[in-house]
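Asks: Next come the chains, spelled out residue by residue.
Protein chains: 2
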Amino acid sequence: MEDVTRRHNEKKKRIKAARDKMMKEKNKEKGLVIVLTGPGKGKSSSGFGMVMRCIAHGMPCAVVQFIKGDREIGEKTFLRDRFASECKFFVSGEGFTWETQDRERDIAAARNGWQIAKEQILDPEIQFVLLDEINIALRYDYLDVHEVVEFLLEQKPHMTHVCLTGRNAKPELLEVADLVTEMTLVKHPFRDGIKPQKGVEF
Amino acid sequence: MEDVTRRHNEKKKRIKAARDKMMKEKNKEKGLVIVLTGPGKGKSSSGFGMVMRCIAHGMPCAVVQFIKGDREIGEKTFLRDRFASECKFFVSGEGFTWETQDRERDIAAARNGWQIAKEQILDPEIQFVLLDEINIALRYDYLDVHEVVEFLLEQKPHMTHVCLTGRNAKPELLEVADLVTEMTLVKHPFRDGIKPQKGVEF
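Which chain is which? The protein sequence lines are A and B, in order. Residues in the first sequence are numbered consecutively from 31, following the working numbering. Residues in the second sequence are numbered consecutively from 31, following the working numbering.
Treat the hints loosely; a few may be bogus.
The list makes no distinction among identical chains, and a pair is therefore deemed to hold if it is satisfied within one copy or across any two copies.
[To be verified] When the alpha-carbon atoms are kept at most 20 Å apart in a straight line, the in silico PhoX-like pairs for lysine-lysine are as follows:
#1 Lys58 <-> Lys225
#2 Lys228 <-> Lys60
#3 Lys42 <-> Lys186
#4 Lys217 <-> Lys41
For the record, the hints were derived by calculation from the structure and aren't laboratory data.
Using the sequences plus the hints, can you model the full thing?
Replies: Right, dumping it as structure tokens:
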């Protein structure tokens, strides 16, 4: 065997041993509070990728879209048309906030969405709840972050996963989350005059 | 109307005008090279979220999994069982590299995956190709990054999207990408002894 190959294989063996040991210690189960934030692309699409995984495992899901509104976006069509019994889909927002220009209406929509969200999280059948773009509603104080955090800490069933997306997640929410990813924008085609692409952005 | 509400609405109106103008200038269409990298959670799940969007829009897809191997992961079951005609699914890797401990076999698997990937990208029917975890194969030089970059620049059909995931993406790849997100790990439940959760991690 070549020297480089042998060294590579030995190194891999050590990594595997360390990893096996680590994985043995990771034995707790818990419904996670997942926050996907940051300005980069991939927050909602990652949330919907997890919904796909849950459906595959027979875990009933619910999605509440807080801000994106009633545009005909791919994930909504997909889940509503084909997976209505596996994943409940609710839309509370009426479009991005810059489209509505009506703070009172935005607040009413956000509060309505949060009401639905609580019901879905409390539903013992539901195992994964995606609160898409809720961070925008929290950021503009359409919803009180303390109310949301308190509910997640005190009323979320132990094994239910809740995923909250949207940029500018509040520190209070990050504090109670189990898993946080910040999507950092390194490059975006907008800068080169390319419009949002079907299948990629919506 | 309250003062704060009026000021909010006026600000929103200005943002909307600026945004409408900007969106008018974003009128180019292009098949994107998308790179999702970084140590945080959400790279593969975001890739699969885009596959979901593409299927919803009737855009045929292909997935090549380079490293994750033949584990029964949710996204594979989901796409193979339910969307075989909308999304072709190929597995080239035999597990994470620390599982295989055999560099020659890893290289052979990666080269096989890249061969399939090229065929799928060149297929005029296919509109979105997800090369899941290919960055790992590139990082360990199982594949030559220059060969991959050259192919993307010179042979990828203009309107085909290609999404490449995996941590430690090479600078040469970032250079030619249209869209790059770095998934930054802020918090991960592994640290608290929680094992990978079904529906969330696989």
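Asks: For each hint, tell me whether it holds in the structure or not.
Replies: Taking the hints in turn, this is what the structure says about them:
1. Lys58 <-> Lys225: between (44 Å within a copy, 6 Å between copies)
2. Lys228 <-> Lys60: between (35 Å within a copy, 10 Å between copies)
3. Lys42 <-> Lys186: Neither, since 40 Å and 34 Å both go past 20 Å.
4. Lys217 <-> Lys41: Classified as neither; 34 Å inside a copy, 28 Å across copies.
The earlier numbered hints that this structure contradicts are 3 and 4.
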